[in-house]
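Colleague: Here the protein sequences come in this chain order: C and A. Here the first sequence stands for residues 1 to 439, numbered as in the working numbering. Here the second sequence stands for residues 1 to 166, numbered as in the working numbering.
Source of the hints: derived by calculation from the structure; they are not laboratory data. Please note that the accuracy of each hint is not assured.
Simulated DEER-style distance windows between Cβ atoms [stated by the list, open to error]:
| id | chain 1 | residue 1 | chain 2 | residue 2 | range |
| --- | --- | --- | --- | --- | --- |
| 1 | A | 40 | C | 247 | 40 to 48 Å |
| 2 | A | 17 | C | 82 | 51 to 59 Å |
| 3 | A | 17 | C | 302 | 41 to 49 Å |
| 4 | A | 145 | C | 123 | 43 to 51 Å |
| 5 | A | 145 | C | 56 | 56 to 64 Å |
| 6 | C | 161 | A | 11 | 54 to 62 Å |
| 7 | A | 19 | C | 285 | 36 to 44 Å |
| 8 | C | 214 | A | 38 | 28 to 36 Å |
| 9 | A | 37 | C | 85 | 13 to 21 Å |
| 10 | A | 11 | C | 323 | 49 to 57 Å |
| 11 | C | 54 | A | 139 | 51 to 59 Å |
Backbone N, C-alpha and C define an ideal beta-carbon position, used for all residues, glycine too.
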Amino acid sequence: MGVTLLLLRSLSRLNLLECGCLAWLFGVGVVSLLLWIGGTLVSGVILQAIVTVACLALGVTGWRAKQRAGVIFELPRPSGITQWLLTIFVLLEIATIFFVSAKHTLGWDGLLNWEIKARYAFVNGGVLPVEYYSSAGRSFSHPEYPLGIPLTELWLYMWIGEAHQFWIKTIFPFFYAAGACLLALIATRISGRCWVGLLIAALFPFIPYFTSGPGGVIVGYVDFPVSIVYLTGLGYLLYSLSTRIEYPFYIYASCLALLPWLKQEGAILWCVLVALGLVVSWQQKKVRLFAVSILPGLFVIISWRLYLKLMDAVPPTDFSPLSVHALLNSAHRVGPICRTLFAEIESTNHWGSFWLLTGLALLYLLVLFRDIRSVVLAGAILVPVMVYSSTYLFSAWPSYTAHVTASMPRLLLHIVPTAWLAIGLALSFRRVEPEKQHT
Amino acid sequence: MNWRNLRDRLLIGHIIVWSSLLCLFLFQSAPISTRAVLENRIGPIEANHSTDLYLQALTGLQNGSQSVDESLQSLPKGKRLLIFVRSDNSPSEFLGMLIAYLSWPRQVQIVKLRGTTADEEVEAIAPASVAGIVFCSVSPPTWLGKGIRLGSSILLVPVPASEARP
């Protein structure tokens, strides 16, 4: 909360809902980064105490900054029967996601890639043991994956006093709740219509993959949190197009720092958001602010790489090293990769007709609207899909099509909230003039 | 709203198209999502909730995490655990990973086999460095002797027993 209050202190009125959602996302980032950095020096109760004190200090600093600036909280209220009904529906859906999460086990990756790190760190006094990084026998759990979510799970373990596979699942519905609210808020701001935001937030969980796919919201995978951070970063970047105040850029920068800390593919999304940020900042003449905003993410990427080198981590084996030779050798894969991608997009069991809606929304953005906001939003959907698909050219799996089939649905999940945002903008059927946007 | 007005015609078309598509989306997706909401039940609220349920589903072993942990505790300390799995069988691979997950801080080595037997691979083991061998949906060599059976698909053979050669 402290970080959020510090970032939003330039506003005279704070949306309590927005604050809460951002506080969850940035709280995850701050706690996990503090545990990682603190864990290099101390462990056990001392580590827990240091992180607690640092979080409290941030909270107090943020609160004081808010008091000094005379900022007041306010809770947005729906107006009219439609908005009230949609709001109630969204709240019921959030409750349902909590309920469904409690009924399912952690998924394969949720358990063996993410929770495993939290568990081993917990039994080792809050620090992931050095031997884990170099353990070839446990390379299946990808020791090279970043620790954003495992250390958040560890934080819960430290407070409940045991590694608990049931309670750990409660973390992920919070990401859903924050994501649904932020989607509604961002879509409302960008489209200029509250009902659009609420409608897409209400439709959001109906994507079958969320609740029945092997990597959705309820099985402890990191892909959904990544998708929410990506949406938030992009949403505030788009919002910065229509306002002179700088806080949307700070939120964008914070999300940029979080993305590579959650998942390796977060570095790809980081690159995409940086490229889009450059376009926006160039247009807004905020290039200096942009240059500063990419530094935290860059720091996270570089320091994690260095740390892995220092720990002598087992190198990943899913992909072969990038080279022109490997690229030329795998050129024949382009056709099968595209076919598998399209087969996945057409899978109604995973997505219903969601990608059809997205395709139509992209048509609206690129053909009807054609403003910078639409182009940036379309780029944020299309570029990650293209880059993700290209990575399979370097797949080292015995069957690269099996690799695509196994992981593509989860990678597509990263852009789902952003695609909903595009659908919302298309639904509103108007180009919003910057001056008319909600503040 | 006027049909002769181009903007209004576009708006009506827009409303019809999006209403139809959103209804189609809900019609296709809602039944699948509803099924996911209705299936399973909450609990048990236990520390090893997921690993227990997986071990029970794949091997029929009740309270599996604790059973596996207790069996592994009986093995000599400081030596690695060898886990044989079938590369063509996802449940076998998954069981191997679960055993590796539960056996921390012991060093593990997962050996993927193309077939269902591991005779040659077991013969090649240097017993001095191995605390035990786990077979996940893999048949152990007949000469290896009895081990600890953990459910229907996991067999743990402590090393003293496996030192026997054919």
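Colleague: Starting from the hint list further up, note which numbers the structure goes against and sort them upward.
Modeller: Hints 2, 4, 8 not satisfied by this model.
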